[in-house]
Amino acid sequence: MKYLKVIFLFFIINSSQSQELYINTEPASLIPKGTKVVRLHHHTIFLNENNEPGSFTSARLTIPSISYGISKKVMISASLQFSNNPYELSSNFGFNGFKLYSKQRLISTDKKKYHTRLSSFIKYSNHGKWNQPNYKFISNNYDLDSQDSGVEVGLIITQLVNKLAISVTSGFGIISNKTADGSYDDKNFNSIHNSISAGYLLFPRKYKSYKQTNFNIYLEYLTSTIIGKEFPSRYENFMSTFAPGIQFIIMSRSRLDFGYKIRNNKSPNEFLVKLTYIIY
Amino acid sequence: MKKILFILSFTLIYNLGYSQSFYVDIKATGLTCAMCSFSTQKSLEKLDFIKSITPDLEATSFKVEFKKDKFIDFDLIQEKVEDAGFFVGSLDIIFYDKLIAENDKHSFIDNNLFHIFSDGDVDSNVFTLVDKNFIRKNDYEIISKKTNHSCYETGIHTDTCCSKHENMKSNKVFHIKTSL
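As you go down the protein sequences, you meet chains A and B in turn.
Going by my numbering, the first sequence opens with residue 1, and the numbers climb by one from there.
Going by my numbering, the second sequence opens with residue 1, and the numbers climb by one from there.
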């Protein structure tokens, strides 16, 4: 934890430019009205016999998604998930679930190269269609973005001061895990998801043209906490993920992100690639 | 005689092929990346009276030139910037030639009716749009006290408030000031 603080301090001191197009979380900013954003993610979760007994191979997830700016205050997004089943020996790949997301702008105050944005969000996930009987890639994890089912509502605040953007997301989740046959593997439980994200622009030092490729580095720290005492015993009630990443913004309308997720308590790590394109 | 004296130069400019006798410099706020600026530009490009947009990415501003014979609706410019998720920090209207501004009077320039405020009769070619939605509330109140034209409150030209103008493409009147 100590080195995390040091790195965040580095961000604050060296913040000559910053970015808020975070890799693992959403910023409080919305996409422009009438634009569509298409994305394709590929995640590899490094499962093995030690960190996930019974697994034969890494989990590979492919997630196409589309977002649309309905107005300057509301955006919606939908994603599908296709994955392998790492608990089956034969090679396989199939539809594993979907996620719906909407973000609403609540407060937006701007000055020159400065802004404070507050948004609310709601997320609905339905995952785990495919890889039964385990149905989750990481059995002692709960994550609505990749493997669990349920609802989350929350707030995002993104603040840019002196060109440093820091974003904090706080959400309340109801995790309701239902397997593909309709039975519940777990009891419902409630959770709190908090994260802090920071971005830093390395290149270019000066913007002259839309054609310049931007190179950004990101650092995110995500936590999940179970509320209450009643929850399946295999979970720990606090989980954290440390997620560094890099990003290229090409021609001011495409993004290529690479990220790595380091989870606590011996949970498997993850590598992800994200391709984003804006359609005006 | 203290009327707008730029007609001569305007005619000259017109003949030289300028689209309008002015362009604007929009300073957008909240932009932090080239992607944001590009989104703002794409949003502005939807307006049919805009001829060209030249961004200054470092200053997060846009130089916007207009097509001739069009009424320029600055409210729509603001709407498009806000659709992209940002704000207009300030909007400067820059005339290709100096015009002599008589305080608190209207002038019909190209297809737009402008109401000009100036501190004394200054000849200048750079003016700032000071309509209600474009400036801070304090500044708006200060300027409000200096005029008794109701159009500053409403943004709409009426015969009771202002002198009559022919061939107006819109009854909107925009207010500009030599300096804020």
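Hints are computed from structural coordinates only; laboratory data are not their basis.
Hints should not be assumed to be uniformly reliable.
Stated by the list, open to error - Derived list of chain A stretches under chain B, where covered just means 3 residues or more per stretch with a C-beta under 8 Å from a C-beta of chain B:
1. 25–31
2. 195–208
3. 247–255
Said to hold, decoys possible - Below 30 Å or equal to it, Euclidean Cα-Cα: the simulated DSS-like pairs (lysine-lysine) are:
4. B:Lys42 with A:Lys206
5. A:Lys208 with B:Lys46
6. B:Lys164 with B:Lys67
7. B:Lys68 with B:Lys46
8. A:Lys229 with A:Lys266
9. A:Lys208 with B:Lys27
10. B:Lys164 with A:Lys36
11. B:Lys27 with A:Lys36
12. B:Lys27 with B:Lys51
13. B:Lys164 with A:Lys211
14. A:Lys206 with B:Lys46
15. B:Lys68 with A:Lys73
Predicted model, so just to flag it, every value in this text is computed and none were measured.
Beta carbons: idealized from backbone N, C-alpha and C, even for Gly.
Structure versus earlier hints - violations, ascending order
10, 13 and 15
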